[in-house]
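Residue numbers (our numbering), protein chains in the order written: chain A, 387 to 798; chain B, 387 to 798.
Accuracy of the hints is not assured; some may be wrong.
Which copy is meant is left open, so a pair is good if it fits within one copy or across any two.
[Claimed, not checked] Only pairs whose alpha carbons sit at most 20 Å apart, straight line, appear in this in silico SDA-like list of lysine to any residue:
no., residue 1, residue 2
1, Lys472, Asp713
2, Lys513, Ile787
3, Lys581, Val781
4, Lys573, Asp783
5, Lys581, Ser459
6, Lys513, Thr786
7, Lys747, Ser569
8, Lys667, Leu409
9, Lys747, Pro395
10, Lys446, Thr786
11, Lys573, His780
12, Lys580, Leu409
13, Lys472, Ser459
14, Lys432, Glu646
15, Lys471, Asn453
16, Lys581, Glu672
17, Lys476, Gly749
18, Lys690, Arg669
19, Lys446, Leu510
20, Lys404, Arg420
21, Lys427, Leu692
22, Lys756, Ile774
23, Lys573, Pro777
To be clear, the hints were calculated from the coordinates, so they are not data collected in a lab.
Each chain, letter by letter, is given below.
Protein chains: 2
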Amino acid sequence: MYVTHLECPKCKAQFDPKKLTQLCEHCSAPLLVRYDLDKVKTKFTKEALASRPYNLWRYKELLPIENEENIVSLGEVITPIIALKKVGAKLGLSHLYLKDEGMNPGGTFKSRGAAVGISKAKELGVKRFAMPTNGNAGAAWAIYAAKADIEAYIVMPEDAPLITRNECAIAGAKLYLVDGLISDAGKIVGKTVKKYGLMDASTLKEPYRIEGKKTMGLELAEQFNWEVPDVILYPTGGGVGLIGIYKGLLELRELGLIGEQLPRLVAVQAEHCAPIVEAYKKRESESTFWEDAHTIAYGITVPKALGDFLVLGAIYDTNGCAIAVSDANILEYQALLAQNEGLFVCPEGAATLAATHQLLKEGWIKPDEKVVLLNTGSGLKYPDTVEITPPLLHVTDEITIDGKVNEHLLFV
Amino acid sequence: MYVTHLECPKCKAQFDPKKLTQLCEHCSAPLLVRYDLDKVKTKFTKEALASRPYNLWRYKELLPIENEENIVSLGEVITPIIALKKVGAKLGLSHLYLKDEGMNPGGTFKSRGAAVGISKAKELGVKRFAMPTNGNAGAAWAIYAAKADIEAYIVMPEDAPLITRNECAIAGAKLYLVDGLISDAGKIVGKTVKKYGLMDASTLKEPYRIEGKKTMGLELAEQFNWEVPDVILYPTGGGVGLIGIYKGLLELRELGLIGEQLPRLVAVQAEHCAPIVEAYKKRESESTFWEDAHTIAYGITVPKALGDFLVLGAIYDTNGCAIAVSDANILEYQALLAQNEGLFVCPEGAATLAATHQLLKEGWIKPDEKVVLLNTGSGLKYPDTVEITPPLLHVTDEITIDGKVNEHLLFV
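Just need the whole structure built from these sequences, with the hints factored in.
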């Protein structure tokens, strides 16, 4: 293992990586894992990577697991990057791509954080944890915890995607609902971990989830043959995905595997829950709690992110931006993607395409730039985004092929 | 392309692979694609494969696509094979594995058939097709058809998994429900394709779906380093998956890439829809239509498969067997897998684990044999298999960590 220490990005205090540490003891900021990159450099080469397993564990020198026997795997894959030729042509973009995180175990990018987070928890001897969730993170941590024999206490809003309840429950997690938002679930978890001394697996309250998510950035760079794109758009709630991608790219740059110029990182939010966008507009370094947050892109219903300052820092450092889109737009671009590219993405993923079109129209994205959308999960987990009443036939009925039936099913 | 002809497995008649052909013109049997394996042998080597893309298209010499530009891809991956160490130990099996087809695009193995079927349809200039489906095949063909700009007419039972309606509809397919079984949907499709001259994409009524599904067998052999397992268990409705795996293994054997001994193939069915099992018990070569078919494993609710003689042939030739399991057993083993291995599989996939335990107890499977379960899809598509009523909290509530809450959520 090449980890040297855990570091507070605010006060720069260092902590021992051999012990379970949650937030900085001095300023309560999230901690980041630091590696001996000079040592990593000798092993982590393009040539060495070529012959390794085709999953995130191939980046082992940049992961915090000491003993490979502690790796908890549910069959992770390198998620595909798909060229969106038809949608790109419709929008006027010649190099538009989508990285499909819906292909992860459990149909969500959250599995990356859970894979590394649970593996490290196992290595550190954790027996129980609690976490608030908008659904997908809780489900991902529950399935990995089941394999690791770690007990999971999960609290999610009653409005979170229903299927994530199934995943938690069938995996044996202790599942609770709350009649509020993820921030309310977080308060219940806060009391619980304090009272019982549990590990707190809340977003950014342990340092290893980011390490899993940064593999999106590592994969993406390797998949593009170490020529990073011009723009990456990410649906942003808690922001760990974006922070992780940024951290991964910084590490690759320090290793000399990619050039100086990083992609411009774009945080995409929903118009009725856009605290990062508001802070970005005012060039502020932290966000303000968003009252009455709601959007169909449930995963990004996060009124105030603990790592908001890291998200905003990544945006400013890369000359990126933050942009909000409407729920109506999200559904429209979700259908556009499905009908043209055959990709049934989650509403959070669809938001990045809506944002791309907006930024292209504003001139912020140029028609010949290489643009990558991160689809964070599968549309299969969001049945409510498609409303249909197909005709019901009896065996004696016939179908008429005149191109006019079922027009109501067409979205765009 | 190395395809020489299409062949009728019953009367051995040959047909031109350059033309769209459905069933044998003489005996109405499904057609099989035949290759010039002597020529294939020169290109399809272990060494050549090593440097190819990590998806099913790596097996290009054994696929029927002439021009690679016709390939329609949604980001297929080599699906993982996961060692079930904990469940294996509980059952008393030392080498139990699961190949997770839920990791395919659309969360189903049906995407393999659709990827190759739609690519070939595009190559042959097909503009429209119709098909009956138990849900997942129709959804898979609909999303691939969307990318290929081919019009899809899909007819599915109203009891098919609801999410597959969403997939068809959002991808722009013309979707119809029927108040009956897939056999009734098939009758409606039959009338439609005859009247309008559409391509009929029903199971085994075109020869290319099998070619996609056989890649499960090719992958599996390569993933096990060309040492095939002793037993493969497959949930069997229409049977194309099992037929495909068998065809792939036969081709690999003829190429000299695997040894003489093939795995014993096991067709797993549900006790209330077990026509193949009934035929197997009587050592018959064809099955009889199953009246009043029903099971929670909806994908295998097929009262009479067109390719039943091919399924039974594969079973007899490999010294395999056919076995039926109950719905109650399916749900029990689904939970066993999730709680121990973190794998949330579809009921069809869970059926193979129930069958494995039964065959182990009967002595048909030996404790040290290498056994592979094919999980054909993701549990995410079957929300009704998990019934839960988690406690609803308010933000001021607390959780008690005494290991006794939510006991009702535990299944095993």
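How the hints compare with the structure:
In the homo-oligomer, the alpha carbons of Lys472 and Asp713 never lie at most 20 Å apart, since the shortest distance is 23 Å inside one protomer and 44 Å across protomers. For the homomeric pair Lys513 and Ile787, the shortest alpha-carbon distance between copies (12 Å) is at most 20 Å, but the shortest distance inside one copy (60 Å) is not. In the homo-oligomer, the alpha carbons of Lys581 and Val781 lie at most 20 Å apart only across protomers (16 Å), although the nearest pairing inside one protomer, at 61 Å, exceeds that limit. For the identical chains of this complex, Lys573 and Asp783 are inter-copy neighbours only, at 9 Å across copies versus 56 Å inside a copy, given an alpha-carbon limit of 20 Å.
Taking the closest pair of Cα atoms, Lys581 and Ser459 never come within 20 Å of each other, the shortest separation being 31 Å inside a single copy and 51 Å across copies. Taking CA atoms no more than 20 Å apart as the test, Lys513 paired with Thr786 passes between copies only; the shortest distance there is 16 Å, against 60 Å inside one copy. When the C-alpha separation of Lys747 and Ser569 is checked against a cutoff of 20 Å, the pair qualifies neither within a copy, at 35 Å, nor between copies, at 50 Å. In this assembly of identical chains, Lys667 and Leu409 lie within 20 Å of each other by CA distance neither inside one copy nor across copies; the values are 28 Å within and 63 Å between.
Taking the closest pair of Cα atoms, Lys747 and Pro395 never come within 20 Å of each other, the shortest separation being 36 Å inside a single copy and 57 Å across copies. Taking CA atoms no more than 20 Å apart as the test, Lys446 paired with Thr786 passes in neither setting, with 57 Å inside one copy and 38 Å between copies. In this homomeric assembly, Lys573 and His780 come within 20 Å of each other (Cα to Cα) only across copies, at 10 Å, whereas the closest approach inside a single copy is 53 Å. Taking identical chains as interchangeable, the C-alpha atoms of Lys580 and Leu409 lie at most 20 Å apart only when both belong to the same chain, with a minimum of 13 Å there against 68 Å between chains.
In this assembly of identical chains, Lys472 and Ser459 lie within 20 Å of each other by CA distance solely across copies; the values are 13 Å between and 35 Å within a copy. Only within a single protomer do Lys432 and Glu646 lie at most 20 Å apart by alpha-carbon distance; the minimum there is 18 Å, versus 39 Å between protomers. In this homomeric assembly, Lys471 and Asn453 come within 20 Å of each other (Cα to Cα) only across copies, at 19 Å, whereas the closest approach inside a single copy is 43 Å. Within a single copy, Lys581 and Glu672 get their C-alpha atoms no closer than 30 Å, and across copies no closer than 65 Å, so neither meets the 20 Å cut-off.
Taking the shortest Cα distances, Lys476 and Gly749 sit within 20 Å of each other inside one copy (16 Å), while across copies they are farther apart (60 Å). For a Cα distance limit of 20 Å, the shortest separation of Lys690 from Arg669 inside one copy, 16 Å, qualifies, whereas the shortest one across copies, 66 Å, does not. Within a single copy, Lys446 and Leu510 get their C-alpha atoms as close as 17 Å, which meets the 20 Å cut-off; across copies the closest is 45 Å, which misses it. When the C-alpha separation of Lys404 and Arg420 is checked against a cutoff of 20 Å, the pair qualifies only within one copy, where the shortest distance is 13 Å, while the shortest distance between copies is 59 Å.
In this assembly of identical chains, Lys427 and Leu692 lie within 20 Å of each other by CA distance neither inside one copy nor across copies; the values are 32 Å within and 58 Å between. Taking identical chains as interchangeable, the C-alpha atoms of Lys756 and Ile774 are never at most 20 Å apart, the minima being 35 Å within one chain and 45 Å between chains. For the identical chains of this complex, Lys573 and Pro777 are inter-copy neighbours only, at 16 Å across copies versus 47 Å inside a copy, given an alpha-carbon limit of 20 Å.
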